[in-house]
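Novice: In case you want the letters, here they are:
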Amino acid sequence: MEHIVIIGNGISGVTAARHIRKLSDKKITIVSAETDYFFSRTALMYVYMGHMKFEHTQPYENWFWEKNNIQLKKGFAKNIDTNSKMLHFAAGDILNYDKLIIATGSKSNKFGWPGQDLKGVMGMYHKQDLENLERFAPNNKVCKRAVIVGGGLIGIELAEMLNSRNIPVTFLVRESSFWNGVLPEGESNMINRHIKNHHIDLRLSTNLKEIVSDENGKVKSVIIEETGEEILCDVVGLTAGVTPNIDFIKDSNIETGKGVKVNTFLETNIKDVYAIGDCAEQHEAIDQRRPIEAVWYTGRMMGESVAQTICGNKTPYKPGHWFNSAKFLDIEYQTYGWVFAQPRDNEAHFHWKHEDDTKCITVGYNKTSNEFLGINTFGIRMRHEIFDRWLTEKRDVDYIMNHLPKANFDPEFYKHYEKDILKAYNNQL
Amino acid sequence: MSNKINESMSLAKPEGNNLNVTQKVAVTLGVVGLLIFALAIFNINFSNKTWFLSVSIGLIAFGTILFAKDAYLTKLEGIKNDGVWFKSISSRGILGWVTGVILTSFYIILYFYPQYLGLSSNGESNTGLISLFDPLSNLLSGNPASQWFVYGTLYTLAILVFGYKFMLKYRHNRYEQLRTASVMFFQLGFAFLIPEFMSRLNTSPDYNLPYYDLKSMWPLNYYLFDNWSINGLLSSGSLGLIMLLFGVVSIFVISPILTYKYGKRWYCSWVCGCGALAETAGDSFRQLSSKKLSAWKLERWLIHTVLVFSVIMTTAIIYTYLGSDPTKFWITRSVFLLSVGVFLTVMFTVVMLFKRHELGKDARYGAIGFFIVIASFFVMHYTSTTNEIFLIKSSSLRSAYGLYIGSIFSGVIGTGFYPILGNRVWCRFGCPMAAVLGFQQRMFSKFRITTNGGQCISCGNCSTYCEMGIDVRAYAQKGENIVRSSCVGCGVCSAVCPRGVLKLENDTMKGRINSNEILLGNDPNLMDLLNN
Chain C
1 MEHIVIIGNG ISGVTAARHI RKLSDKKITI VSAETDYFFS RTALMYVYMG
51 HMKFEHTQPY ENWFWEKNNI QLKKGFAKNI DTNSKMLHFA AGDILNYDKL
101 IIATGSKSNK FGWPGQDLKG VMGMYHKQDL ENLERFAPNN KVCKRAVIVG
151 GGLIGIELAE MLNSRNIPVT FLVRESSFWN GVLPEGESNM INRHIKNHHI
201 DLRLSTNLKE IVSDENGKVK SVIIEETGEE ILCDVVGLTA GVTPNIDFIK
251 DSNIETGKGV KVNTFLETNI KDVYAIGDCA EQHEAIDQRR PIEAVWYTGR
301 MMGESVAQTI CGNKTPYKPG HWFNSAKFLD IEYQTYGWVF AQPRDNEAHF
351 HWKHEDDTKC ITVGYNKTSN EFLGINTFGI RMRHEIFDRW LTEKRDVDYI
401 MNHLPKANFD PEFYKHYEKD ILKAYNNQL
Chain Z
1 MSNKINESMS LAKPEGNNLN VTQKVAVTLG VVGLLIFALA IFNINFSNKT
51 WFLSVSIGLI AFGTILFAKD AYLTKLEGIK NDGVWFKSIS SRGILGWVTG
101 VILTSFYIIL YFYPQYLGLS SNGESNTGLI SLFDPLSNLL SGNPASQWFV
151 YGTLYTLAIL VFGYKFMLKY RHNRYEQLRT ASVMFFQLGF AFLIPEFMSR
201 LNTSPDYNLP YYDLKSMWPL NYYLFDNWSI NGLLSSGSLG LIMLLFGVVS
251 IFVISPILTY KYGKRWYCSW VCGCGALAET AGDSFRQLSS KKLSAWKLER
301 WLIHTVLVFS VIMTTAIIYT YLGSDPTKFW ITRSVFLLSV GVFLTVMFTV
351 VMLFKRHELG KDARYGAIGF FIVIASFFVM HYTSTTNEIF LIKSSSLRSA
401 YGLYIGSIFS GVIGTGFYPI LGNRVWCRFG CPMAAVLGFQ QRMFSKFRIT
451 TNGGQCISCG NCSTYCEMGI DVRAYAQKGE NIVRSSCVGC GVCSAVCPRG
501 VLKLENDTMK GRINSNEILL GNDPNLMDLL NN
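Each protein sequence line maps, in turn, to chains C and Z.
Mapping to the numbering used here: the first sequence position 192 is 192, numbers consecutive.
Mapping to the numbering used here: the second sequence position 188 is 188, numbers consecutive.
Check before you lean on any hint, since a few could be wrong.
When the alpha-carbon atoms are kept at most 27 Å apart in a straight line, the in silico DSS-like pairs for lysine-lysine are as follows [as the list claims (entries may be wrong)]: (1) C/Lys261 / C/Lys314; (2) C/Lys141 / Z/Lys75; (3) Z/Lys355 / Z/Lys510; (4) C/Lys141 / Z/Lys87; (5) C/Lys318 / Z/Lys87; (6) C/Lys22 / Z/Lys478; (7) Z/Lys361 / C/Lys22; (8) C/Lys53 / Z/Lys297; (9) C/Lys85 / C/Lys110; (10) C/Lys74 / C/Lys353; (11) C/Lys107 / C/Lys78; (12) Z/Lys80 / C/Lys353; (13) C/Lys218 / C/Lys110; (14) C/Lys27 / Z/Lys478; (15) C/Lys67 / Z/Lys87.
The hints are simulated quantities; they were obtained by calculation from the structure and are not laboratory data.
Let's have the full structure, built from the sequences with the hints guiding it.
Specialist: Given below as structure tokens:
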């Protein structure tokens with residue numbers, strides 16, 4: 001029986017395993033060094049905040065794997081011998097495979113800052129990061145201040161986590177405004193204010209120079225590049241993005257760039273070796289997406305696609321219209337289609353913000369054809385299905401603005417703002 | 001890693017979060033209020049009962065309100081679940097267990113030993129806690145208090161003050177606020193005040209009304225068709241007759257229409273008194289419900305067994321009642337029994353003919369099994385010579401139901417175990433009304449929880465905070481709508497979702513249940529492959 005080995009038990013690897021099982025009775029083994037069972041990485045923050053227990057982050061009960069005849073192996077893959085189709089583990093044991101799926105995800109970026117490996121310095125990605133945080137920041141007596149370096153989605157989540165335990169947070173953001181490489185100015189500014197309303201010490205246009213150690217090799221303070229200011233702290237969170245977690249592959253014959261290089265069928269340069277999820281790097285970017293996409297649902301889709309290919313229905317990874325979502329403290333964010341931080345050539349943005357400073361939308365469209373390109377929405381939920389259809393139908397922006405109520409997904413009895421939005425839109429014409 | 005990761009090693013300070021000064025004052029006021037009740041239980045005879053009762057209720061209410069204001073209004077609007085699994089009270093810690101034991105003991109005393117609360121016998125005046133409530137009872141109904149009056153007052157008080165707390169907690173969410181206002185209104189008006197005022201009518205010889213909470217429908221209100229209840233209603237002129245008819249119309253006409261349009265939530269989380277307590281005072285315990293598949297299996301067998309028990313018991317009660325005087329009623333025993341049998345057979349046949357494909361295999365077997373059980377009771381009745389319907393005396397059936405279901409299941413376990421098993425134990429595992437409404441909701445309703453395309457990140461907030469123990473995430477991560485009999489439509493899954501994935505709504509029946517994986521954003525060809 002063909003043996004499929006999957007390295008990594010995150011959303012990508014587990015989705016691949018589930019679908020291979022649906023389609024076949026191949027032998028499946030999932031390898032992980034991180035946890036015994038699949039859990040939702042995006043929910044780690046809620047464990048620290050006390051919203052959930054760790055077991056709640058596991059989408060399947062523990063009996064699920066045996067019942068579906070999916071073997072789980074705990075172990076750290078050290079290298080891959082593609083000639084003899086063999087996986088070597090750090091503990092010395094080996095595993096033979098017929099087909100191999102690499103789904104090892106990401107690791108936190110470290111940019112060579114002095115002191116980046118001190119005790120109390122951590123990313124927020126793995127379960128081990130959560131355990132580390134629990135150790136160094138259990139409460140505001142042990143951790144009198146935390147400094148977060150890097151203003152992206154994980155940075156703001158870490159700030160929210162620490163805030164939930166009343167630990168003072170200084171948030172160093174290299175950019176002049178929060179996440180403004182992705183968010184248009186009006187939205188980014190609104191989030192800046194929201195962060196400050198939560199009593200988080202947000203420092204924009206601020207870089208980390210170095211992390212200073214105490215006599216025990218634990219973080220004592222950080223030094224700011226621009227001002228030389230020293231900020232005393234007990235924890236430093238490094239959240240300046242993630243990068244594919246593929247160090248163990250570098251010595252193998254598998255072609256890598258930043259990630260494991262794959263074609264649209266998620267095949268690597270070596271036959272019978274595939275890569276999916278955060279660690280896969282497309283030779284050519286698909287649509288306007290990046291070659292490496294560290295997004296939950298793309299991992300899931302790649303897992304679905306590769307399962308088909310492995311089971312004989314050769315299927316390319318073909319994601320549809322771009323969408324995503326996040327939550328910035330109390331403000332939910334959703335995006336459908338493309339709204340870039342700066343409108344590109346021939347593009348324009350319409351921006352509306354509610355006076356309470358917690359809700360806004362930005363609609364991107366083509367200036368000449370009027371084609372709707374995408375929407376960012378903050379504090380108002382929208383229907384994925386409707387926007388997906390409108391993007392496929394290439395509707396023009398006037399149509400979108402006049403039919404916005406159809407796309408509303410807020411809970412019943414919520415106040416609606418489509419009339420205000422339409423009025424503002426008509427006034428700007 | 002331990003699940004309770006924030007546990008401090010200190011015995012004196014097991015929780016990470018401290019109370020601030022305002023919260024300490026609030027707790028003190030509330031506990032002093034409760035202390036007055038405790039003293040009354042120990043038979044301290046307060047000289048001025050009106051004053052002491054007002055002070056204790058006032059302190060409890062004021063303390064809770066003050067605490068809630070400080071807990072929620074000092075923070076920005078949003079989800080307020082920080083530390084839920086660290087707090088002793090809400091994570092089965094020592095405070096949770098103590099609260100569970102106290103509540104359970106209270107229910108046992110209330111149902112089985114009301115004399116310990118000071119209930120008089122032989123027409124003497126009340127003592128203890130019950131006598132403390134005499135002034136209020138006299139004011140409302142003109143009668144001295146009973147243990148049920150004391151219970152009703154405390155129950156209503158809890159719903160009002162914790163309802164206020166819940167509204168502050170969800171002050172960004174109008175759905176939560178409106179339905180909480182609704183349960184507060186129905187509890188205060190329909191369950192508490194109106195029945196008290198009705199009993200004032202009984203001072204006139206024309207009226208002999210039983211306690212009747214108009215919003216409490218059969219089979220939740222299992223005593224509606226008891227001898228004393230029907231006799232009381234029928235001997236209270238046209239008002240009594242209207243009330244009895246309203247009770248029948250509620251379950252057979254009003255409820256199916258509303259459930260068709262809005263799902264069972266119109267009752268369970270907008271009107272019902274049990275639901276009201278669960279959603280307000282019980283809100284801190286919603287995350288304790290088990291989400292295991294095994295719990296769901298137990299739930300389906302248990303709740304439908306209770307429903308069958310309740311149908312058989314009520315049929316027997318009415319049958320026996322009709323028998324007491326054959327000339328008195330337009331409906332005879334055999335006509336009644338036949339119509340019950342025809343009704344159940346028609347319902348079973350219609351579902352099996354038209355909705356069979358929507359039922360799981362075990363649901364079909366269960367339905368057939370229950371139908372055979374009921375049918376065999378009827379067969380035994382018509383073939384046997386005994387006068388007892390269904391072999392057992394209807395009065396024994398009734399008292400068994402009252403004891404095991406009415407008192408022990410719904411009261412002692414249903415509410416006493418809030419801090420251990422979650423706040424909807426009764427609604428989920430036992431309530432026959434919930435079973436009826438849930439059946440309608442699953443089969444004939446426009447209600448569903450819509451999943452928003454491919455936005456779910458499987459975080460599990462929805463499942464964790466589902467008080468009915470529904471694994472919401474299992475549906476959401478596959479892009480399926482959630483159409484479950486047990487869903488009471490509290491809306492909390494939608495509220496706690498960080499990605500805007502869930503929406504409770506009423507829409508057409510068509511395409512409501514999609515068991516295919518419809519994850520938007522995927523290539524359509526891949527979707528076809530996934531679903532074939």
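Novice: Taking the hints in turn, state whether each one holds.
Specialist: Against the structure, the hints:
no., hint, in the structure
1, C/Lys261 / C/Lys314, "holds, 18 Å"
2, C/Lys141 / Z/Lys75, "holds, 22 Å"
3, Z/Lys355 / Z/Lys510, "holds, 13 Å"
4, C/Lys141 / Z/Lys87, "holds, 18 Å"
5, C/Lys318 / Z/Lys87, "violated, 46 Å"
6, C/Lys22 / Z/Lys478, "holds, 14 Å"
7, Z/Lys361 / C/Lys22, "holds, 20 Å"
8, C/Lys53 / Z/Lys297, "holds, 23 Å"
9, C/Lys85 / C/Lys110, "violated, 32 Å"
10, C/Lys74 / C/Lys353, "violated, 49 Å"
11, C/Lys107 / C/Lys78, "holds, 16 Å"
12, Z/Lys80 / C/Lys353, "holds, 25 Å"
13, C/Lys218 / C/Lys110, "holds, 17 Å"
14, C/Lys27 / Z/Lys478, "holds, 24 Å"
15, C/Lys67 / Z/Lys87, "violated, 35 Å"
In this structure, the hints that do not hold are numbers 5, 9, 10 and 15, in rising order.
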